[in-house]
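Using the sequences provided together with the hints, build the complete structure.
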Amino acid sequence: MNDLDQINAQRRRVLLGMGAAGVALAGSTLSCPAMAASPAQVTEAPNSDKTQDRHDFHGQHQTGIVTPRPACGMLVSFDVLATDREDLERLFRTLNQRIAFLMTGGPVAQVDPKFPPMDSGILGPVVTPDNLTITVSVGESLFDERFGLASAKPKRLIRMVGFPNDALQPELCHGDLSLQFCANTADTNIHALRDIVKNLPDLLLVRWKQEGSVPPQAPAKPGTPAQSARNFLGFRDGSANPDSNDKKAMEQIVWVQPGSDEPAWAANGSYQAVRIIRNLVERWDRTPLQEQESILGRVKSTGAPIGGSHESQVPDYAKDPHGKLTKMDAHIRLANPRTAATQANLILRRPFNYSNGVSKNGQLEMGLLFICYQADLHNGFITVQTRLNGEPLEEYLKPIGGGYFFTLPGVIGDKDFIGRSLLDATQPKTTA
Amino acid sequence: MKKSPLALLVALGLLHAPLSAFAATAPLDLVGPISDYKIYVTEQLDGFASHTQQFTDAVKKGDLATAQKLYAPTRVYYESIEPIAELFSDLDASIDSRVNDHEKGVKAEDFTGFHRIEYSLFSEKTTEGLGDLADGLNNNVKDLQTRVAGLTFPPEKVVGGAATLLEEVAATKISGEEDRYSHTDLYDFQGNIDGAKKIVDLFRPQLEKQDKAFVAKVDKNFASVNTILAKYKTAGGGFETYDKVKENDRKALVGPVNTLAEDLSTLRGKLGLN
Chain A
1 MNDLDQINAQ RRRVLLGMGA AGVALAGSTL SCPAMAASPA QVTEAPNSDK TQDRHDFHGQ
61 HQTGIVTPRP ACGMLVSFDV LATDREDLER LFRTLNQRIA FLMTGGPVAQ VDPKFPPMDS
121 GILGPVVTPD NLTITVSVGE SLFDERFGLA SAKPKRLIRM VGFPNDALQP ELCHGDLSLQ
181 FCANTADTNI HALRDIVKNL PDLLLVRWKQ EGSVPPQAPA KPGTPAQSAR NFLGFRDGSA
241 NPDSNDKKAM EQIVWVQPGS DEPAWAANGS YQAVRIIRNL VERWDRTPLQ EQESILGRVK
301 STGAPIGGSH ESQVPDYAKD PHGKLTKMDA HIRLANPRTA ATQANLILRR PFNYSNGVSK
361 NGQLEMGLLF ICYQADLHNG FITVQTRLNG EPLEEYLKPI GGGYFFTLPG VIGDKDFIGR
421 SLLDATQPKT TA
Chain B
1 MKKSPLALLV ALGLLHAPLS AFAATAPLDL VGPISDYKIY VTEQLDGFAS HTQQFTDAVK
61 KGDLATAQKL YAPTRVYYES IEPIAELFSD LDASIDSRVN DHEKGVKAED FTGFHRIEYS
121 LFSEKTTEGL GDLADGLNNN VKDLQTRVAG LTFPPEKVVG GAATLLEEVA ATKISGEEDR
181 YSHTDLYDFQ GNIDGAKKIV DLFRPQLEKQ DKAFVAKVDK NFASVNTILA KYKTAGGGFE
241 TYDKVKENDR KALVGPVNTL AEDLSTLRGK LGLN
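So the sequences go chain by chain: A and B.
The numbers in our numbering rise by one with no breaks, and the one at position 91 of the first sequence is 91.
The numbers in our numbering rise by one with no breaks, and the one at position 77 of the second sequence is 77.
These are computed hints drawn from the structure, not numbers from a lab.
Any given hint might turn out to be false.
Said to hold, decoys possible - The following residues of chain A were derived to be distant from chain B, with all beta-carbon distances above 10 Å: (1) Pro201; (2) Gly238; (3) Ser359.
Unchecked claim - Which bits of chain A does chain B cover? Going by a derived footprint, with three or more residues having C-beta under 8 Å, they are: (4) 114-125; (5) 202-211.
Beta carbons: idealized from backbone N, C-alpha and C, even for Gly.
Printed below as a string of structure tokens:
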């Protein structure tokens, strides 16, 4: 942190109304720690000047999809406990209210200390948004007989079906509703989850949850392209991801368009595919580098396609029709063959690395919390994954959970609420 | 019960603390319900002690079938008064600890009490080698009776007990891990719920004065839970094993249970207890 940052940090603390103690504390940090004069505690909170970063909850699309991916992500799948439409609407309205608050931040309501506090307090008395996005999606099972939504089910929404290499654990699969939390720190995501769990005890039951992270790296030097984060196989992951700033591309690849063959209410929503993909990392780490690289189709150090020098290079498979350079069954070649026809199968990936303890054999339980978005689930994830069936990388992967969900359209203004268009589509008299 | 509150307090041993200190934490209109609660706990403990005697007798006689039959109905008493029983953590551990409380599992020397005996009766299907455990359990239960008789019931523990019982349900009953060998969890489930309901009932007038809608909501959720539990009652007044509980019923229990846990966590605040 340079001096300017520290002054800014101090100003923020004052603005946040932390009072004299806060000012005094901030003042003391102005002296350089290297001068050894200022006291320092090992347990002092790490500094961040990003705690006030926030996204507007309202908009045509939900946030957390084309929004740049922060360091921490969490996917939580729920069973919906509501038994009728009235309760389902209460669920959506409460979710809407909590998400709007959590993404904005602000002081927590105080209650008589004889009562349990309204908030877990993890982020202190003033909740910091910390770049938080919460993305709401619904599973195929929400469209069963309970709420009369069957007629409005998105056309391509199905219950996830296992692929040949999957070893799905039932307790880690599917769900009526998913929430994707993304923020600068894991604690911000956890705070948000606990807030939602506390506020919806009769309507939501956590079914499974997976947290993950991606390593931050120094900003790219001016004039050089940004690089993708590395996954737990040690490779840059997301190199071929479409440009999320390209509105037109996002309309084609990610967002269900008005006038498509999907139900009208679903316009500006997206399909979310989630996969918990265990990586067999000990075995991977015992694999020769050249084999790792030929399995993936990329150079491990740079992320460049085989034979290339930098990550953003596009491999020219037309010049390599027999797979001499990039094998025909290399991961990146199967996933994205770069032909005109396979442009229809592009997806927007938003993965996080996860690490969960150890197996009974003493092997590390870690891998990729794969999340991707697309306007067409069949042309997108399902087609891509089907092409990958049998790829050599499968020896090192075991998908163990996940599910397919439909990410609801965004919330337009204060009168709207998440899920309203879905409810309206099946019962026109529901109003905001 | 038409004795004066003060006479009752003396009779019930509630006045170990000086009256002034007691009055500071318990407004006078809480005195009645708290003494009534002590009567309830005392009655439950009487039932618990006599049933434990029969249960341990059967174990010691080597009567496996009777011991298995008496296991669950005996525990119900304990489950309904857990907030008070838990005040004596040493006894609670030796009477009611579960296998996962012990690093060495069933082999742990300090794994005693109901669940250790449950393991032999239902998993090993034997009463062999249980003599000392049966005697120990019986003695601990009698000890608990004596200690509770001499206990001043702290009002915040009594009122807070309703939430404690629901936390028990939420944490161990929904998953069916309380009685993992006998699968008789529904008895314990009902015991916890009845014990919590009793506390709400005792303070009903005070709570209704404060917040009628709250009490109605709590009643509705108790009723929802009881309706589902009733589906699994057997002809003899017992319950089906937990593996018989249908997935949709298990799920339907979660909402009311978690909501009760949230709502009952405000009881102390509503009654102004510190």
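Going down the list of hints, with the structure as the test:
Against chain B, the non-interface label of A:Pro201 is violated: not every CB pair exceeds 10 Å, the least being about 4 Å. The beta carbon of A:Gly238 is kept farther than 10 Å from every beta carbon of chain B, the shortest such distance being approximately 37 Å. Separation of A:Ser359 from chain B is adequate, the least Cβ-Cβ distance of about 20 Å exceeding the 10 Å criterion. A count of 3 residues in the stretch 114-125 of chain A with a Cβ less than 8 Å from any Cβ of chain B is obtained; the coverage claim is therefore met, three being the minimum.
Coverage of the stretch 202-211 of chain A by chain B holds [criterion: at least 3 residues with CB-CB distance below 8 Å; count 3].
In terms of the numbered hints stated before, the structure departs from hint 1 and from no other.
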